[in-house]
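Protein chains in written order, with this note's numbering: chain Y, 1 to 147; chain L, 1 to 76.
If you are wondering where the hints come from, they were derived from the structure by calculation, not from laboratory data.
Be careful, since some hints might not be right.
Covered stretches of chain Y, going by a simulated chain L footprint (3 or more residues, C-beta under 8 Å) [to be verified]: (1) 11-19; (2) 30-43; (3) 48-62; (4) 74-85; (5) 101-109; (6) 115-128.
Backbone N, C-alpha and C define an ideal beta-carbon position, used for all residues, glycine too.
Listed below, chain by chain, are the residues.
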Amino acid sequence: MFVYTREAHPGENVAHHASIEDKLACARMLRNETGIGREILVDELAGTVHRAYGLMPNMTWVIARGGTVAYKADWTSAANVEAFLERFMGARGEHRPGTAPVMYATQQVEFRYPDRKRFMQRLARNGPRAVAEFEKAQQLWAQRATT
Amino acid sequence: MGETGGGSPAPYNYPRFDDYVASGEDRADEAAFWASPRAGQRAPDLTLTRLGDGGGVRLSDLWRSRPVVLEFGSFT
Numbered sequence: 001m002f003v004y005t006r007e008a009h010p011g012e013n014v015a016h017h018a019s020i021e022d023k024l025a026c027a028r029m030l031r032n033e034t035g036i037g038r039e040i041l042v043d044e045l046a047g048t049v050h051r052a053y054g055l056m057p058n059m060t061w062v063i064a065r066g067g068t069v070a071y072k073a074d075w076t077s078a079a080n081v082e083a084f085l086e087r088f089m090g091a092r093g094e095h096r097p098g099t100a101p102v103m104y105a106t107q108q109v110e111f112r113y114p115d116r117k118r119f120m121q122r123l124a125r126n127g128p129r130a131v132a133e134f135e136k137a138q139q140l141w142a143q144r145a146t147t
Numbered sequence: 001m002g003e004t005g006g007g008s009p010a011p012y013n014y015p016r017f018d019d020y021v022a023s024g025e026d027r028a029d030e031a032a033f034w035a036s037p038r039a040g041q042r043a044p045d046l047t048l049t050r051l052g053d054g055g056g057v058r059l060s061d062l063w064r065s066r067p068v069v070l071e072f073g074s075f076t
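In isolation and in its complexed conformation, chain Y is listed as follows (with noise of 0.2 Å):
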């Protein structure tokens, strides 16, 4: 499932939402631009969800049958999250005799490489607005390193 939430770099081509009409609209653009073949679910305009949640741009969440959080990740990455899925549910289907499965959790940070190129494109998309604000936020964020 795809939950679509804010724009996180809103620009002149694809503004902040100020209505959820303007959420739908925004959402169906992404699908027809992107072809998101999974099903997209909005959220509410105020972002009920995306709070409860956590707020990052670009999450992932495996929720278990039942309703547990077995995965999050401050970013999605595909390759992770099917690794997981392949052990998590591998495991749960797994029989030995004489024991049961117990779950245990985890925290790990891991490394991704992001395609500059292809986000800069993205920014673009959404407007020479998006880009320069963040070059500009780029700056901010190098002044934070020096404080």
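Keeping the supplied structure of chain Y fixed, place chain L upon it in accordance with the hints.
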């Protein structure tokens, strides 16, 4: 635009990304991720709108019989 990490909080649907960062909301949102339910805890059961037909979808109806993968995102 406010000082880095200062200023008033940006609204959820912020109109400018640089103002969002200047207000420090990006750091607040990272903190919100870490404060959200951990692995092994109950997931928030809320309702979303299906883009296809406009109908409401309760998350617990999705995870009742199988695991659910939720990818959050927008154009960027």
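Hints, one by one, checked against the model:
| no. | hint | in the structure |
| --- | --- | --- |
| 1 | 11-19 | holds (count 5) |
| 2 | 30-43 | holds (count 8) |
| 3 | 48-62 | holds (count 15) |
| 4 | 74-85 | holds (count 4) |
| 5 | 101-109 | holds (count 4) |
| 6 | 115-128 | holds (count 5) |
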